[in-house]
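K.L.:
Sequence:
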Amino acid sequence: MKLFNAKFDLKVIFSFFFFILLGLAFFFYQYSFHIDCDNTKYFITADNFSVNSMIEFKDETKNAKTYKWDFGDGSSADNRKHTFHQYLKRGDYKVKLTINGSCVQERTITINSLPLVDRSKIPIISSPRAVELGKSIKFDSELSGAETWEWSFGESQGIDALKKSPSYTFKTVGVKKITLIVNGDYDHIATKTIYVAPKKIKQVQKLDLDSYNPEQPKEAFNLPLGSPQKDPLVELLQYLPVAPKSSKKKDSIAVPIKAPIISEDQFVLLLRSVASQSKTKEDFAKYLCDDYDIPVVKNGQELITFAELCKKIEGKEVKFTTIRLNKDKMNCIKGITINYKVKKYLIWITD
140 MKLFNAKFDL KVIFSFFFFI LLGLAFFFYQ YSFHIDCDNT KYFITADNFS VNSMIEFKDE
200 TKNAKTYKWD FGDGSSADNR KHTFHQYLKR GDYKVKLTIN GSCVQERTIT INSLPLVDRS
260 KIPIISSPRA VELGKSIKFD SELSGAETWE WSFGESQGID ALKKSPSYTF KTVGVKKITL
320 IVNGDYDHIA TKTIYVAPKK IKQVQKLDLD SYNPEQPKEA FNLPLGSPQK DPLVELLQYL
380 PVAPKSSKKK DSIAVPIKAP IISEDQFVLL LRSVASQSKT KEDFAKYLCD DYDIPVVKNG
440 QELITFAELC KKIEGKEVKF TTIRLNKDKM NCIKGITINY KVKKYLIWIT D
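Convert by adding 139 to the 1-based position in the sequence shown; the result is the number in the numbering used here.
Simulated from the structure, these hints should not be mistaken for lab results. These numbers were taken from a predicted model, which means no experiment stands behind them. Built from N, CA and C at the ideal position, the CB exists for glycine as well. There could be a bad hint or two in this list.
Said to hold, decoys possible - Ranges of calculated distance between the beta carbons of each label pair, as one might list FRET restraints: (1) R246 / K316: 37 to 47 Å; (2) T311 / Q244: 50 to 60 Å; (3) G273 / D231: 53 to 63 Å; (4) T311 / E441: 30 to 40 Å; (5) E441 / L408: 20 to 30 Å; (6) D279 / E421: 33 to 43 Å.
Assemble the whole structure, with the sequences as input and the hints as a guide.
P.N.:
Given below as structure tokens:
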């Protein structure tokens, strides 16, 4: 027994097996993170590579664990596997993707000016050119493949109707700009201008001038005795509008102010704050230009307003998957397409 202990030390044997296991663990760890940089699989796609267009970035490289997208325009890097980005200026941009911290792939994309509008994708609005105040007017639209309609009749900042052929009664006179968005396509918005005329004053009783006889005696024109009556002209003058006094100072012309720029990621962070009840819809006012009734396409199925979206996620545990912000020339957000899930009974479900 003493001879055995002299030749074989158990600590040496345990140390030997320990280093073998440690080496195998390191080998499998390196193998799981190993990728072939010559056979990476990533995509950069878009309907058109133009200014303000939404461009999709996605990686499907085998064994990829971490990602870092550098869009080449000075914006912050994105660490998601699947993301979206917009370029604000035309030019050539070098997109760099770093996978697992070591494999670097580069591709140059060219961003063009705003594309020409495809007139065939703009819906046609059918309606009269003029209408009398208080009368209902029917609108109709024509566009192949139309499934959703968003009408605005120029008297509010939100959506007034969601049907293909709605009817509307105008409340004020003047020129009204009608807008129609079909299938959520903000790049092809239809507009039409109509005039709302004042109501026509109908004559209650037709005057019969032939019955007037000026040769009657003056007694026929005398008023009967009684309490004095107020002169109708005096009463009418009380309600006539008076022109305001002219001011020596010229009226200043309000200069429209652009809304601040916000990315999809920053917008999602604000929505998470709404879900945790630390913020409300009023915190989005400067990005929505004070319009909380903008359309929101939720999970590709339901059309709601932004105010309703905030109510739906308030106080819930929410996981956002994709989001798209549609903005106008003043950077005001005019529409949102969003997909998210909520946690219920320890399971993520579509809301």
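K.L.:
Verify the CB-CB distance for T311 and Q244 against the hinted window 50 to 60 Å.
P.N.:
For T311 and Q244 the Cβ distance comes to about 58 Å; the hint holds.
K.L.:
Lying within 33 to 43 Å: is that true of the beta-carbon distance D279 to E421?
P.N.:
Because 37 Å falls inside the window, the suggested range holds.
K.L.:
Lying within 53 to 63 Å: is that true of the beta-carbon distance G273 to D231?
P.N.:
58 Å, holds
K.L.:
Cβ-Cβ distance between T311 and E441: within 30 to 40 Å?
P.N.:
Because 32 Å falls inside the window, the suggested range holds.
K.L.:
Does the Cβ pair E441, L408 satisfy 20 to 30 Å?
P.N.:
For E441 and L408 the Cβ distance comes to about 23 Å; the hint holds.
K.L.:
Taking the beta carbons of R246 and K316, is their distance inside 37 to 47 Å?
P.N.:
Holds, at about 43 Å.
Taken one by one, the earlier hints all hold for this structure without exception.
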